[in-house]
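Chemist: Those sequence lines, one after another, are chains B and E. Once you know that position 130 of the first sequence is 130 in UniProt numbering, the rest is easy, because the numbers rise by one and skip nothing. Once you know that position 167 of the second sequence is 167 in UniProt numbering, the rest is easy, because the numbers rise by one and skip nothing.
Derived by calculation from the structure, the hints in this document are not laboratory data. Beta carbons are placed, not taken as given, at the ideal position from N, Cα and C, and that holds for glycine. Each hint should be verified, as a subset may be incorrect.
Here chain B is said to cover these stretches of chain E; the calculated rule only asks that three of the stretch's residues, wherever they fall, bring their Cβ under 8 Å from a Cβ of chain B [claimed, not checked]:
1. 34-43
2. 106-114
3. 330-337
Distance ranges between label pairs, derived from CB positions [what the hints assert, rightly or not]:
4. I66/B / S169/E: 48 to 56 Å
5. D58/E / T129/B: 50 to 58 Å
6. G17/E / E114/B: 29 to 37 Å
7. I66/B / L54/E: 41 to 49 Å
8. R215/B / L77/E: 51 to 59 Å
9. T129/B / V160/E: 44 to 52 Å
10. T177/E / V198/B: 16 to 24 Å
11. D202/E / R215/B: 55 to 63 Å
12. R30/E / A205/B: 35 to 43 Å
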Amino acid sequence: MSRLIIDLILRATLETAQMVLASGLVAVIGGLPLALVVVSTRRDGLLPCPPVARLLGLVIDMLRAIPFIILLVLLIPVTRMIAGTSLGTTAAIVPLSLAAIPYFARIAEVSLREVDPALIDAVRTMGGTRWMIVRHVLIPEALPGLVAGLTVTLITLTGASAMAGAVGAGGLGDVAIRYGYQRFNTEIMTLVVLVLIVFVALIQAIGNLISNHLRHT
Amino acid sequence: MDVSLVQVSNISRSFGGHLALDDISFTVARGEILGVIGRSGAGKSSLLRCLGALDRPDAGHIVIEGHNLTTLPQGQLVSLRRRIGFVFQHFNLLGSRTVAGNISLPLEIAGMPRAQRRKRIAELLSLVGLSDHAHKWPAQLSGGQKQRVGIARALANAPVLLLCDEATSALDPETTTSILDLLARINRELGLTIIMITHEMDVIRRIATHLVILDHGHMIENGPTLDILGADTQSPVTQALLSETQPRVPPAIRAKLVETPVPGAHVVIRLRMGGTAADQPVLSTLGQRFGVDAIVLAGGTNEIAGQPFADMIVCLSDYSTEIQDFLHGFDPSLKVLGYVPADH
């Protein structure tokens with residue numbers, strides 16, 4: 001195998017990692033507060049205001065309803081505004097993040113909702129404020145689930161980042177399409193797929209490790 | 001100054017047309033262990049939520065240490081809650097924190113500095129006998145140990161009142177005993193007032209000095225435990241609650257029991273003696289003085305609120321008027337349950 005191919009794939013792997021991790025980070029920063037607001041404003045939440053919960057739920061569902069490939073194109077003007085360009089790895093982080101925020105928010109919402117309400121009551125009896133409940137109960141108790149949810153999000157982002165490759169984002173998807181598909185280079189195609197398998201397996205393994213460690217059983 | 005710590009006056013609470021609490025009033029003195037008992041749906045949990053300032057009654061007042069819970073603004077309620085410790089049936093420990101971390105939480109909420117917190121946690125762990133388990137996770141503890149952590153956590157901010165919600169209902173009998181002993185010790189050593197909600201009469205008998213019996217939102221009884229459990233006449237609800245812990249005539253003998261005296265028949269009586277009478281060797285005196293054979297068929301001497309109380313079913317070979325007078329001296333409410341024909 002030529003040095004060139006190895007370099008190509010190595011660079012593409014790093015680009016994919018960069019896209020996935022950066023948009024994963026944005027997904028947590030944007031999605032977790034969103035999930036907290038949705039969970040808290042539900043009728044049985046800490047700060048009940050069902051209209052807010054319903055409205056946010058609707059926005060989340062709308063964003064999730066748009067196929068990623070369409071979102072990619074739709075967002076080109078926004079991407080240009082934020083990243084200065086609509087091409088390349090950095091630019092791809094914008095649509096990837098916007099797709100990942102509602103995705104992670106829904107997964108986080110499920111984990112947060114599974115926190116035993118009795119624990120929230122317990123902290124209320126101690127005179128804990130809403131913020132203390134969020135900080136000491138909701139987030140720490142949901143953490144194993146949140147980490148598992150982030151793992152799923154990162155893997156989904158890996159798939160989506162390959163799609164972003166189709167519009168010039170770089171990364172493994174880009175290499176697979178340009179070299180493997182358009183030039184019928186089976187060797188590169190196979191290699192890319194193998195790297196992706198290892199990449200995904202690694203994310204899952206690390207995610208499981210952290211999530212299980214946090215469960216304290 | 002009034003010695004009562006908690007005053008509950010005429011509180012009512014309803015949920016969607018269903019009256020969970022109907023005009024309940026009682027007071028709790030400092031240092032008392034009040035047991036609140038009733039079957040499920042009796043209103044116990046509603047009462048506890050009101051006492052813990054988690055819920056407000058629709059009518060009436062609850063005054064704790066001079067603060068009226070029912071009129072206090074939300075902000076002050078939060079600080080009052082820090083003066084009330086809560087112990088839960090299912091422990092409600094945070095799985096994301098160690099034993100020490102769980103006990104630390106109420107201290108963190110109260111804003112205690114770290115160094116002071118560490119000292120307080122060590123004290124509390126030694127009080128509940130878990131000093132070696134500080135760094136374990138709740139998932140690694142047994143039910144009894146979890147409840148000890150729950151109690152330590154409830155005591156963290158030196159509360160004036162400890163509310164226990166079915167604190168032993170999820171535990172096996174042996175562990176229940178050790179938790180009740182711990183609560184009784186805390187009550188004794190710290191002089192802490194405890195309100196225990198339970199559906200188990202046995203728990204009440206063992207440690208409650210005072211008793212409130214609830215049924216369908218109504219208060220059926222309220223007073224010292226010994227007075228209520230030792231009373232001659234009890235309401236049907238009280239009797240039903242007591243029935244599990246009361247002695248019963250063994251079925252084999254009940255089958256032979258007749259209502260009217262037959263010559264030469266043995267008599268079966270129910271003998272209940274509280275206070276100093278419970279310490280007397282009544283049965284052996286019967287034998288020595290009257291030459292009567294006395295066999296205990298069921299029951300015995302138990303403690304109610306730390307005092308001996310005898311409740312037993314006894315079969316006597318003779319029941320002359322002298323014997324009756326002698327026994328009435330110990331138990332004025334002595335009951336004859338029936339007669340067993342001679343072949344017994």
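Chemist: Taking each numbered hint in turn, which are not upheld by the structure, reported in ascending numerical order?
Modeler: 1, 3, 5, 8, 9, 10, 11 and 12
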